[in-house]
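Protein chains in written order, with the working numbering: chain A, 4 to 450; chain B, 9 to 413; chain C, 366 to 604.
Heads up, a few of these hints could be off.
[Stated by the list, open to error] Restricting the straight-line Cα-Cα distance to at most 20 Å, the calculated cross-link-like pairs of lysine to aspartate or glutamate (EDC-like) are:
| # | chain 1 | residue 1 | chain 2 | residue 2 |
| --- | --- | --- | --- | --- |
| 1 | A | 168 | B | 261 |
| 2 | B | 200 | A | 252 |
| 3 | C | 501 | C | 467 |
Simulated from the structure, these hints should not be mistaken for lab results.
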Amino acid sequence: MLSYYLRLASTSFRRTPGLTALMICAIAFGIGACIVTLTVYHAMSGNPIWWKSNVLYAVTMDSWDPAQPADPERPTLPPPQLTYHDATYLMTSSIPKRKAIMTQLLGMLSGAPGQKAPIPVITRATGGDFFPMFDIPFEYGGGWDAAADQGPRPVIVLSQSTNDKVFGGANSVGRSVVWNGRQFRIVGVLKNWQPAPKFYDLNEGAFSRSDDVYVPFNWGPTLQQLPSGHSSGWGSQQASDYQDYINAENTWIEMWVELPTPASRANMLAFMNSYWAAQRKAGRFQRPLNNHLTDVSDWLKVNQVVTADNSILLRLAFAFLAVCLINTIGILLAKFLKRSAVTGLLRALGASRRQIFWQHLVEVAAIAGAGAAAGVIVGAIGLKAVQILYATGNSDLGGDNYAALAHFDAAGIGWALALAALSTVAAGLYPAWAIGRLPPSRYLKSQ
Amino acid sequence: MSLSLRPMLSSLLRSRTGAILVALQIMIALAVMVNAVWIVSQRIADIEEPTGIDDPNTFVVAIAGLTNRFDLSSSLAQDLAYLRGLPGVVAATASESVPLSGDGEDTELWLQPGQRGRAVVVGEMQMDTSGLQTLDTRLIAGRNFRQDEIQHFAKGQTDLTPPDIIVSRTLANTLFPGENALGKVVYGDAGKPITIVGIVRDFIGPIGLGNDPYAYAIYPQTPGSYGSYDCLVRTLPGRAEAIMRTAAQHLADSNLERVVLYAHPLGYFHRQMIAENRNMAIFLTTVTALILSVSCLGIFGLATYNVSTRTKQIGTRRAVGARKRDIISYFMVENAFILSAGVLAGCALALGTGYWLSTQYALPRLDLYYLVGGVLFLWIVGELAAWQPARRAASVPPSVATRTV
Amino acid sequence: MLKMQDVSKVYRTDLIETHALRNFSVEVKSGQFVAVSGPSGSGKTTFLNVAGLLETFDTGTYELDGKDVSRLSDDARSRMRNEKIGFIFQSFNLIPDLDIYDNVDVPLRYRGMKAAERNQRISKALELVGLASRMKHMPSQLSGGQQQRVAIARAIAGDPALILADEPTGNLDSLMARQVMDLLEQINEMGTTIVLVTHDPELARRAQRNIHVVDGVVIDSAPYQRRNPADEATAGAEG
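Here chain A stands alone, though its shape is the one from the complex (with noise of 0.2 Å):
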């Protein structure tokens, strides 16, 4: 019966090829730009770590003046990053599966074979447990033990992005390079991996580029380095010297912590509680108990990585959609209105109400398909300038990629067919109903 339907849909089709037309453009149009929103929504709300969110727990504690909290627009979060003096001591606790602390730090490359000038490097400061903990894959070798952390030992990972620019891709595992003027040992480098958004540390564009090398976290101390990344701070002292820096209420280190279990969960939030009480005690901490274990998928949603532009989109294409698909209702109901004479000689041969329903919904689901099959061009198109539109990000030092986010991929089929499919059940469920409750005999006399 599906074939006779469709054989009926055709016939209709060529009759009025216009309206046909202008409903499968209509169609496409709202799926076109629902497929362009969706992507890129879909892209930035992703979780790169989905697999692990929920044990993954990013530590945050309010240090800040008490005064003013440190985002005065979102009074009661404590601030994204801890101070060297927190994130140090909350490191000794043991009840973690892993654990890291981690910033970001200027870095300069050089000593690989055959290379003439240093290249810049954005440098992830952070500790051994890093790679485990985040489930980084490894091209060759891997990351560092925890002696290397205390040392701190001159061991450095590549990404694959800088093993290629330096070593033409080669295993350089073993080999040395020159980071900052100290000579390093190469231990391992990454597959490519470029965790959107890049959750660890949002501080920098929620889209940058992934690190280009990581080192033990000490370094930074060690060379009395200034993180590059992010950092925030307040109170009345002077710091006149790397010293003063780190051992000030200035947060700069994010860190984050594996907890297998609600248990483990609950013996951190407690550790760092009567932390807290015992600073609180000596004069820090005057603000309000505020101290979290946040979750990926929470963290996402705490740092607002989707931004309001991208949500208000998303609804505004589907605004469209919903335009696109009413008016689509409207042109079948006529056009199904127009042929009931027809129908009523259908249904007066014997065709079932069913049967009436099913040929009509078959039309509109031809017309539903062939609109997402354009749309799915449309969407492409869209993606396209999408990426145009957003070419002058910057990548230099690692600002948000959006550009990267726009790409069309199976997901985007996927988003077609099932706006298709939404789309035929929203716009030919009630023309098609509203034509099968016809009485046949209306239509019959007055041809």
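Based on these hints, arrange chains B and C on the given structure of chain A.
Leaving out everything else, chains B and C in the frame of chain A:
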């Protein structure tokens, strides 16, 4: 008007599904259009904020030297001397941050010592005596820094309080509304007094578009705490790109103890700064235009359908003496009913959406003038969309009445 | 074949009630050729719509082919229309987008028949009406009489027990009208019950029996003299 509304209303009610569908489209179109235009108008205002600096003719070369052997202050002095010596360069200075880049520092200035009294959050920019000339922001009152006032940072040192600062006009007014800020004293975090020695025209500094992009204080300082500095160079008109390429190459090759992080014209940062607003405006405008077009097609389609199903009725009306313009006004008034219903519901939806946007996304509340404008616009466009079918209806010959179709 | 007892049908609008059928009782035996005549507005068409299960009625009972159809669901009525009834209309009601073959195919499709059987039935029906050679023509390429013969082929392709014809010759000239009537008689002789609605007394006279309807009431159902008096007609005309 020689047509009565009652029969029209009853025929509207009979074919109500089509009319409701069109009214729904109008409703959504109005709500979307009004709010989109409102958002776009603010974005355009943001985009068109004057930068206050000579960004088309200014570029930056960012330098980092991170080894122990690297002598930042002599490197900085050499680089500035080299840049100032290049033909076509008007002025050059070194800073910790780049205007318009969105990456800068802010601090608080207090009106009384000891962190008491009113505090004002200000953008902070550190530059030497060439700073004002490089940015092309001129003094309105007071003086520039003297060479001996410039403070130099050691590596790791972050905040030194200078004795003197220059403030932007906006900041001067914020700190001392209705007073002359020149010569007044403010206090930094550490409580030391700072004298305002100069007031300059407004400019957008490194933090970019924030709550108040123009509230800036210039500190008489050279960069150094992070082992990096940004050379800002202003050139003669039209020569920035070429000089930038030469300079970046030279600076990269002349000293291998440091790296060039990047070199960009300031226009690059300006484009980036406005990109989000610009793209939002483009997308909103495109989709709003599409929604309007689709809605007009809907109006057109419904009117056409109504005309085609009422050919006989129109012929009869003509036969009993209706003039062409009576037929046209019949369909235009019918369309106006549908439009009005849609617009009325659309007003409610537009206000609701505006309220929701303002609470959910902290956008400014919808200006009611935009709603009034949107209603008028949509009403006129909606009537225009029905004009052609109404004209077609008027051309139905009276003889149709006697035919048995 | 068809038995209506005290059937009434009222059309209601906001302003008026129209009693289209009042206590309408009639019986048509299997194999009969019956004409229903009456002035326009008398209720002929309503009778046809009710008889053909196109419309429901308000009171009374209606048995079709021995089955009470008063309380049937819409689906069951559709199936009965499809299997038991063939319609022939004044304005032919062929589907303009479909060719002759596909037009005859329509009711068979809705019955869900296999392709081979449909093909065989369509060919047979079109041969009977003498249009087998025109299968691939579109309706607009045929004359009125030919179109009506296609409609007859469509009506008989499903082997209905009852054919309801509504002014089948109303849009035809007299030559074509005669051909169509001949065809209907031929079909009747093959055993199919035919109910012919007409206001033309000439045509009504060709039937075995005439049911005269005025104001929704059967007022006379006198049998006509027919070639085949064995088909005795009875009419329950208590209305």
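Results for each hint:
no., hint, result
1, A:168 x B:261, "holds, 19 Å"
2, B:200 x A:252, "holds, 19 Å"
3, C:501 x C:467, "holds, 9 Å"
Every hint, counting from the list given before, is met by this structure.
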